[in-house]
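If you read the sequences in order, they're chains A and B. Heads up, the first sequence is in my numbering, so the first residue is 5 and it goes up one at a time. Heads up, the second sequence is in my numbering, so the first residue is 7 and it goes up one at a time.
Some clues are possibly wrong.
[Unchecked claim] Listed below are the simulated BS3-like cross-link pairs for lysine-lysine, each with C-alpha atoms no more than 25 Å apart in a straight line:
no., chain 1, residue 1, chain 2, residue 2
1, B, LYS119, A, LYS21
2, A, LYS21, B, LYS174
3, B, LYS119, A, LYS12
4, B, LYS119, A, LYS11
5, A, LYS110, A, LYS21
6, A, LYS110, A, LYS12
7, A, LYS108, A, LYS11
8, B, LYS158, A, LYS61
What the hints contain is simulated information worked out from the structure, not anything from laboratory work. All values reported here derive from a predicted model rather than from experimental measurement.
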Amino acid sequence: MAALTQKKRFYISNLIKFVILLIGGFLLMVPFIWMISVGFSRSANVTMPFPPSLIPKDPSWFNFGIVFENGQIFRAYLNSGIVTFSSVVLGVASSLLGGYAFSKGKFKGKRLLFIVVLATLMIPMEPRLIPMYEMFNKLGMLNTFWPLILPAMVNGFGIFLCKQYFDRLPDSLRESAQIDGAKEFTIFFKIYFPLTGPIAATLVILTFIWSWNDFVWPLVILNNQNLQTIPLYLASFTQENGTSLGGLTMALATVSVIPIIILYLFLQRFIIQSIALSGLKGE
Amino acid sequence: MRSKPNKKEMPNGSSKKLKGNQWMWYIFLLPTLLGILCFMVYPILESLRLSLFHTSGGGETWAGFDNYKTVLTSGEFWNSVYNTFYIGLFQMIITIPLGFIFASMINSVTIAKNFFKVIFFLPNVTAIVAAAMIFTFVLHPDMGLLNYFLGKLGLPQPLWLADPSTAKWAIILLGVWHWIGFVIIICLANLQAISPELYEASTIDGASSFQQWLFITIPNMVGTFAFLLITGWIGALQRFNDVYVIGGPTGSPNRSIQTVVAYIYEHGFTGFQFGLASAATYVLFVIILIFTVFNLKITNMKL
């Protein structure tokens with residue numbers, strides 16, 4: 005009897021939690037659903053659909069047609085793609101190399117340098133914004149992608165993750181290769197590099213999201229419309245039109261959000277796992 | 007310190023060989039060190055220098071602490087500090103407990119766990135700029151989704167972003183929506199790290215699951231809350247993207263959502279007062295530093 009009630013209570017509490025989570029999840033999804041709905045609503049550029057409904061009353065591809073018409077969105081995609089791809093390659097490479105050196109290397113100043121690398125995590129973008137702008141200005145690199153790509157060389161968090169990862173790989177691999185007379189670079193590229201799959205995947209995802217969504221720095225560096233990345237293109241569209249062109253704005257937001265959502269749905273297992281395992285937590 | 011015992015274990019020959027190859031390791035670190043010099047050390051020192059000069063137009067003239075005096079006596083600056091702290095504080099007061107409660111539920115629910123993880127984390131991967139765009143419509147006073155539902159429920163319908171007195175809360179709402187997924191994921195990771203034996207032992211003692219949550223789960227999560235609080239504050243003090251998209255560099259309406267970074271941007275990149283902006287930057291930098299150290303102290307945490 006007692007066991008039965010306990011079982012019952014378990015099911016009831018489970019059900020309550022499930023329902024609360026469904027409601028909470030739905031509330032979080034509502035802005036997305038509404039975005040899509042307004043985007044598909046043809047009349048939304050004249051008057052927003054009111055009362056609001058999650059299914060458009062006059063469904064049409066009209067707004068999406070306009071979003072794609074002038075091709076600016078494709079250009080923004082291409083720009084974001086170039087910047088993100090290069091930043092990811094550079095950031096992941098320097099993290100793997102650096103993490104490996106801090107894990108397996110023995111050299112003067114190792115501890116101090118590692119502390120310096122970790123300290124970079126605490127330094128915000130703002131104190132560096134103006135001098136970096138002036139520096140790239142003097143180098144004639146304003147309105148190029150170099151200022152957005154090169155700073156990816158410093159990835160304190162990536163190095164920290166990689167060091168932890170390499171610490172778990174045995175030293176014996178190195179020692180036997182050393183006896184065979186292999187040089188450090190050969191050891192790294194031939195022996196350790198092929199083992200870095202999981203950590204490299206994690207770094208690729210995290211760097212991708214950071215770089216793709218970056219806003220302040222591109223805003224400062226890029227003034228040329230043809231070079232705008234996706235977030236800049238979105239921001240300039242909102243600032244030109246405010247809330248007057250609802251349907252078009254929401255169609256544009258939908259088009260900009262969908263790729264990263266698809267990427268996320270495919271890779272979410274890695275992202276969640278990596279954040280969970282990365283030491284990005286309290287203890 | 008740590009390398010000492012290793013050296014002893016090694017035969018003499020290889021220890022010498024390692025010393026000879028030390029420079030190899032600096033090559034591994036070359037990109038990182040070069041990057042730190044160019045994009046960290048130099049800009050920070052240069053920013054300090056700039057903050058001591060008047061820079062308008064093209065020339066630079068020595069200003070001493072004038073820029074700092076201007077910033078520290080500027081009502082607009084302190085208004086931006088107030089906004090930044092106000093938005094950050096309330097966002098955290100809402101998001102951390104709410105996120106923790108959701109995480110606890112996701113952790114204990116027996117079905118659709120992964121589905122909920124995906125749903126709740128989705129806003130966090132969305133670019134904040136796109137999120138801000140969506141929210142200008144969700145929060146629209148007349149045609150927005152939120153006010154429609156508030157009206158249905160017979161609740162007051164604030165003007166949100168159109169009214170300086172509620173604009174901060176509109177930003178807080180957007181922040182909660184965007185940040186809660188991160189809080190949930192971090193909490194979930196740490197909930198799973200709590201030793202199951204603690205729960206088993208207390209079940210034998212007859213504790214209800216709510217008592218377990220209150221007396222085992224929460225005390226074990228203190229470190230996680232501290233982590234969220236510290237990273238939350240560091241993020242909050244650097245807030246810019248969404249307030250810029252919604253309110254521009256001046257944080258309209260009436261500077262009600264201008265954050266410190268927006269103040270810096272306004273003076274640095276729309277007014278080209280680099281010296282003044284640099285001084286404000288340094289004040290912000292010091293605030294972040296003091297605040298982080300203070301947070302580390304009260305949460306008793308080592309980073």
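Do the hints match the structure? See the list:
1. B:LYS119 <-> A:LYS21: Within the cut-off at roughly 11 Å; holds.
2. A:LYS21 <-> B:LYS174: Given that 25 Å is the threshold and the Cα spacing comes to 31 Å, the pair is violated.
3. B:LYS119 <-> A:LYS12: Holds. B:LYS119 to A:LYS12 sits at ~21 Å (cutoff 25 Å).
4. B:LYS119 <-> A:LYS11: Roughly 20 Å between the alpha carbons, so the hint for B:LYS119 and A:LYS11 holds.
5. A:LYS110 <-> A:LYS21: Violated, at roughly 52 Å.
6. A:LYS110 <-> A:LYS12: Violated. A:LYS110 to A:LYS12 sits at ~61 Å, over the 25 Å cutoff.
7. A:LYS108 <-> A:LYS11: 53 Å, violated
8. B:LYS158 <-> A:LYS61: 20 Å, holds
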